[in-house]
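K.L.:
One-letter residues, chain by chain:
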Amino acid sequence: MRFIVCVKQVPDTTEVKIDPETNTLIREGVPSILNPFDQFALEEAIKIKQEGDEIIVISMGPPQAKKALLKCLALGADKAILLSDRIFAGADTWATSYTLTRCIKKIGDFNIIFCGLQAIDGDTAQVGPEIAAQLGIPQITYCESVEKLEGKKLTAKVQTDDGYKIVETRLPILITGITPSSFEPTNPPMMSIMKANKKPFSTWDANELGGSKDNYGLNGSLTEVIKVYSPPARQQGVVIDEETAETAVQKLIDLLSKDKVI
Amino acid sequence: MINVDKEKCTGCELCEKACPFGAITIVEKIAVIGDECTLCGACVDQCNVGAITIQRKKIEDIDLSRYQDIWIVAEIKDDKVRNVSFELLGKAKELADELKQKVCVLLLGDNVKKFAQDFSNRGANRIYIAEHEALKDYYTETYSSVVTGIISKYKPNIVLYPATINGRDLAPRVAATLELGLTADCTGLSIHDGLLLQTRPAFGGNIMADIICPATRPQMATVRPNVMEMASIQDSNNAEIIDIPVNIDLQGVKVKTKEVISETASECGIPVCEADTIVSGGRGVGSKENFKLIEDLAKVLNAAVGASRAAVDLGWIPKSQQVGQSGTTVSPKIYIACGISGTIQHLVGMKSSDIIIAINKDPEATIFNVANYGIVGDLCEVVPLLTKALKKKLCED
Ligand SMILES: Cc1cc2nc3c(=O)[nH]c(=O)nc-3n(C[C@H](O)[C@H](O)[C@H](O)COP(=O)(O)OP(=O)(O)OC[C@H]3O[C@@H](n4cnc5c(N)ncnc54)[C@H](O)[C@@H]3O)c2cc1C
Ligand SMILES: Nc1ncnc2c1ncn2[C@@H]1O[C@H](COP(=O)(O)O)[C@@H](O)[C@H]1O
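Protein sequences appear in the order of chains A and B.
The opening residue of the first sequence carries number 1 in the working numbering; numbering runs sequentially from there.
The opening residue of the second sequence carries number 263 in the working numbering; numbering runs sequentially from there.
What the hints contain is simulated information worked out from the structure, not anything from laboratory work.
Some clues are possibly wrong.
Stated by the list, open to error - Computed list of lysine-lysine pairs in DSS-like fashion (alpha-carbon distance at most 25 Å, straight line):
no.: 1; chain 1: B; residue 1: K398; chain 2: B; residue 2: K279
no.: 2; chain 1: B; residue 1: K561; chain 2: A; residue 2: K260
no.: 3; chain 1: B; residue 1: K654; chain 2: B; residue 2: K561
no.: 4; chain 1: B; residue 1: K581; chain 2: A; residue 2: K47
no.: 5; chain 1: A; residue 1: K106; chain 2: B; residue 2: K650
no.: 6; chain 1: B; residue 1: K268; chain 2: A; residue 2: K165
no.: 7; chain 1: A; residue 1: K258; chain 2: B; residue 2: K650
no.: 8; chain 1: A; residue 1: K251; chain 2: B; residue 2: K623
no.: 9; chain 1: A; residue 1: K17; chain 2: A; residue 2: K47
no.: 10; chain 1: A; residue 1: K105; chain 2: A; residue 2: K79
no.: 11; chain 1: B; residue 1: K554; chain 2: A; residue 2: K251
no.: 12; chain 1: B; residue 1: K520; chain 2: B; residue 2: K581
no.: 13; chain 1: A; residue 1: K152; chain 2: B; residue 2: K520
no.: 14; chain 1: B; residue 1: K339; chain 2: B; residue 2: K550
no.: 15; chain 1: B; residue 1: K654; chain 2: A; residue 2: K165
no.: 16; chain 1: A; residue 1: K67; chain 2: A; residue 2: K79
no.: 17; chain 1: B; residue 1: K518; chain 2: A; residue 2: K157
no.: 18; chain 1: B; residue 1: K342; chain 2: A; residue 2: K49
no.: 19; chain 1: B; residue 1: K520; chain 2: A; residue 2: K157
no.: 20; chain 1: A; residue 1: K105; chain 2: B; residue 2: K270
no.: 21; chain 1: B; residue 1: K518; chain 2: A; residue 2: K148
no.: 22; chain 1: A; residue 1: K148; chain 2: B; residue 2: K516
no.: 23; chain 1: B; residue 1: K650; chain 2: B; residue 2: K554
no.: 24; chain 1: A; residue 1: K258; chain 2: B; residue 2: K554
no.: 25; chain 1: B; residue 1: K550; chain 2: B; residue 2: K650
no.: 26; chain 1: A; residue 1: K152; chain 2: B; residue 2: K518
no.: 27; chain 1: A; residue 1: K198; chain 2: A; residue 2: K47
Okay, chain B solo, but in the shape it has when bound (with noise of 0.2 Å):
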């Protein structure tokens, strides 16, 4: 339920502005809510005086079996779709089938139709497309109120979100909003009794727990990229596509992003958080020049370059290559750490990579407990003879 109080209200239009829905009007310096309403709450955080309430439903009234579907919200970058975003499709269409419900895609941008046809093909049910000049950069504000509205609407049974910046950024909002649970950075997703079992480590990776969302509806999860397998390329293509018309005002929005600095494009190829193999450099590797035999490493194999805190702290590299718990978290097929002793803050940014190959001079060294392969030696001698051989075994296959 929303209510506006007509004492309060002052007709100044900040709500009629900030609604994305177009839902409400001033009528005799008054503000009224229409059907268009999705109880986003965009028009509630505008109000300077206090006038609008929002009523969420207690609990225990909610019809549980209303709300079907499993949702994933994907993420554009550099108007392209992330591939977390098909991950996210594949274990959505997982539990979709078990749980005889459908698999839909909320798509959100500045001209992002045009990705309807990525996620048909891989198996979408249903695309629901929220086009806006306005959604072309991500704005917590504009994001959270879009979602919120279509998540009240339509009555999602799951939604997953990727545990990337925006989505680590986004989902707590719209879960605080909904007062719904949510559980970060999953690893590990599975239908338990009928309800979405949400595997995560914790306690710096040393514990896994398994946790369930009994009382609220969407039962919802941000979910680590490069964990889960993309959906693949299917034949069928016929997935249902629903326009949500959406009018936003940046003009209400209160964090304005004044300049943007992109570091990696220029120094260093692959953002991490995006490849499927990285090359990882420490202190160990002893100065920003040395950081080349790395790079070099990381052109043969065609892999992001990656790094401890300490080189970062040193400049050798961008914060933004930074693995671990202060930086990015990365899971991918390949985790080549060279120089890198293995803290714990940086275990756990990488220990769930499928394969890990440790260059280290120190037989001691920690890193050595998680690596299925490692080299006992100097890296500056056993990295540019590693890049070498791997050059001619990858042109010879």
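Just chain A, same shape as in the assembly (with noise of 0.2 Å):
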């Protein structure tokens, strides 16, 4: 079998700090990452491999994505492509599904395709579902993980609005989401990474995936941002200290009312 699994690298967004003065991002110094959800869909992936199966990462980004691919090998995938061209760049995600779609295309044949939950930074979650789309495979969004896989018989547990379904699908199938029960990115160990440099590693431009050049980056791009800006900063609450409980509850009960917020 073969997993192919999409994988971002983005800004950490718990490093971000806000410049008081300013109300802006600060983006300096700001580490990029392996996306946590990516590294999660990786991981499901190869608890599912058995023996002969094959992983391969691929990405789109800039040159310094390679780090994030890098660590993927590292962690169990078995090759890596990075899909790195400058007019891939200011995709919005029928762009970024495009891409990513003409690369599985290249890469033939699979069985399963893993997208993380969500990207940290743009937070859409429609790469996934854009590329199943695009490949006209069934999906299954919002996957906590997959409980079985049998032959070609695959069954996940999914996520519902109050509780969870079992679902059952034969492949081909695109699987977003995976959850797991422990919650830190694992980091892989000094071994591995060093063997990870000897995986198998392509990067492929434009023209390797062909198509048509209109569809890539910007110019592909169906949605245009126009203008990007802080929120507005909450206003400053009031906290209560006091030194007893009963007089602290009295004093927020009194400042809700007097607010009518109850």
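Dock chain to chain to rebuild the complex, using the hints, since each chain is given by itself in its own frame.
P.N.:
In structure tokens form, the structure reads like this:
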């Protein structure tokens, strides 16, 4: 079997600071990391992988995104492909999914495609279903885990609004989601990092992918960001730090009534 | 344009079964596409031999003015219209007034015609109804092909979907099939130079982006629940009803539901995604037993019980109640965070709540930076007192 995992390198949004003077984002010094949700997806692929199966990780991004792919190789992926070309820049979800779909078609055979729940910079969760639609294969979104894989039959646990459901499908399938029970992304050991450098790694540009140049990057994007700004800062709140819990609660109730919250 | 390659077609009838609009017949072992075809693409997905292709128009050729009206895709759950549908309708009416176009509702499901009244009462001008017993449950394949087909046929200017689990599964599928732009999880919508201006948070909620979709129609967005005002009930009640006959065969559905496990119903009452008041507990609650304190407070306020990821991971509360980046994004009127530190992954899921109240024993906890009201103290003491005080207060009023 062949599993393809789509991974993205993202700025570590937990490290983002806001400039208190201008109320704008300080981007300097924010490290780039492998999107944690994509790591979870990769780990799921590794979990169900059996002898003879192959995991290919693909990423569209600038040359530096190689680092994220190397981490994937160290974690257990077998091959990596970086899609890098100046004309890929500025892609919205449609252009991104177009590019990734071209890559998947060029790879050829596959059984399962994994995407992360969402990329933590954009938070759109659209790229996965858009790839599935372009490939004309079914999708499972908000998948919590793959329960079973027997031959071409896959059983998965899927999140719902008020619980979960168990679904069954035949391959090929595109799966997005995967939220593991242990939530701290692990780092691969030193030995695996060294080995990762020896695993197959290719970089493809637009020529390699073929297709129409008009569909890539900014040109291919159907949506256009016209303005980016800081959200209005929340009003400074009242913090009640009283001697006893009784007086604190009383004070809160008084404030809530005064402000007509209750 | 849809084409059947006569050389490749084997007359296997899969496409005929897959077509929700009954547009395909097999004549002398070749699929023939009839006038009912809406170019939804369901047959293309089903065809094993790649005999059917759809050539969609290039963007430049489209006459944008042919696309009219503001549509919302309603969501029905457990035989009830979800509030988010009325919120979308409220927003759609505003946009429609400004553009001088109509507000339309797309109602999909089994036995859903009875809900048309609810939308008509709240000011919808036209209601498209696609009823079929096979649409009772949401399946990506059936819903996306029906919605894709109806949109291609009726050419709306704007389509809004709820940013719920189903909406976020459906909208990108439709968008990619029709080669349309799509903006996820909007918190603001307005009209700017005749275009839909879509506002959404990004970067862990640290920035806002305004997005337009200049060249493709319809303009589409998913919209976060609990952010827009619901359309109010009016006197008017004369929406035009348009029945769209569909014909669906669940045989073709490739992802089948085997079992549904609803956790909230038994354990926590209201799902967080629906609630306008939420009381959440984090690691600071200390134990599963202590979560009773949170539940008691929630009961008094008729609120949903929410949680941080830490509380979910510890098994104190089901995953469906988790608020945050990998859980549900909520924006209730009141959010009470008890024993939650306020990491960015939690904040991104609740920062847009109207009023945030935090209870934490650490005066330095980041949750206090976003809280309108905070109490520094031990929640085991504070929460029961608050429950008691609120009960008394609410009885008095
Ligand atoms: C990719 C990714 C996605 C994630 N998604 C989410 C998500 O969707 N939602 C989410 O919540 N988290 C998410 N997390 C986890 C997140 O980073 C934090 O680990 C989690 O939110 C912490 O939960 P907490 O605030 O309950 O626990 P802690 O950070 O441990 O905070 C507990 C708080 O309780 C206070 N406290 C302790 N005892 C008491 C007491 N007796 N009385 C009052 N206060 C007390 C402490 O002072 C402390 O502030 C995600 C992490 C990753 C990496
Ligand atoms: N540039 C990219 N390269 C590879 N995979 C991507 C890229 N952008 C998004 N993805 C995949 O799509 C998922 C959803 O991303 P998004 O729609 O941006 O939230 C991610 O978790 C990745 O698996």
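K.L.:
With the threshold set at 25 Å, check whether the alpha-carbon distance from B/K581 to A/K47 stays at or below it.
P.N.:
holds (22 Å)
K.L.:
Against the 25 Å threshold, does the CA-CA distance of A/K258 and B/K554 hold or violate the hint?
P.N.:
violated (29 Å)
K.L.:
Given the hint that B/K520 pairs with B/K581, test it: the Cα-Cα distance must not exceed 25 Å.
P.N.:
Given that 25 Å is the threshold and the Cα spacing comes to 20 Å, the pair holds.
K.L.:
Going straight from one Cα to the other, do B/K554 and A/K251 come out at no more than 25 Å?
P.N.:
holds (24 Å)
K.L.:
Are A/K251 and B/K623 close enough, with their CA atoms no more than 25 Å apart?
P.N.:
holds (17 Å)
K.L.:
Do the alpha carbons of A/K148 and B/K516 lie within 25 Å of each other, as the hint requires?
P.N.:
Measuring from Cα to Cα gives roughly 16 Å; hence the hint holds.
K.L.:
Given the hinted pair A/K105 and B/K270, is their Cα-Cα distance within 25 Å?
P.N.:
Holds, at roughly 21 Å.
K.L.:
Holds or violated: B/K342 with A/K49, Cα cutoff 25 Å?
P.N.:
Violated. B/K342 to A/K49 sits at ~42 Å, over the 25 Å cutoff.
K.L.:
For B/K268 and A/K165, compute the direct alpha-carbon distance and say whether it is at most 25 Å.
P.N.:
Roughly 41 Å separates the two Cα atoms, so the pair is violated.
K.L.:
Holds or violated: A/K258 with B/K650, Cα cutoff 25 Å?
P.N.:
holds (19 Å)
K.L.:
Please verify whether A/K17 and A/K47 have alpha carbons no more than 25 Å apart.
P.N.:
violated (36 Å)
K.L.:
Keeping to a limit of 25 Å between CA atoms, is the pair of A/K152 and B/K520 held or broken?
P.N.:
Distance ~17 Å between A/K152 and B/K520 Cα, so the pair holds.
Violated hints, listed in ascending order, are 5, 6, 9, 14, 15, 18, 24; each of the other numbered hints is respected by the structure.
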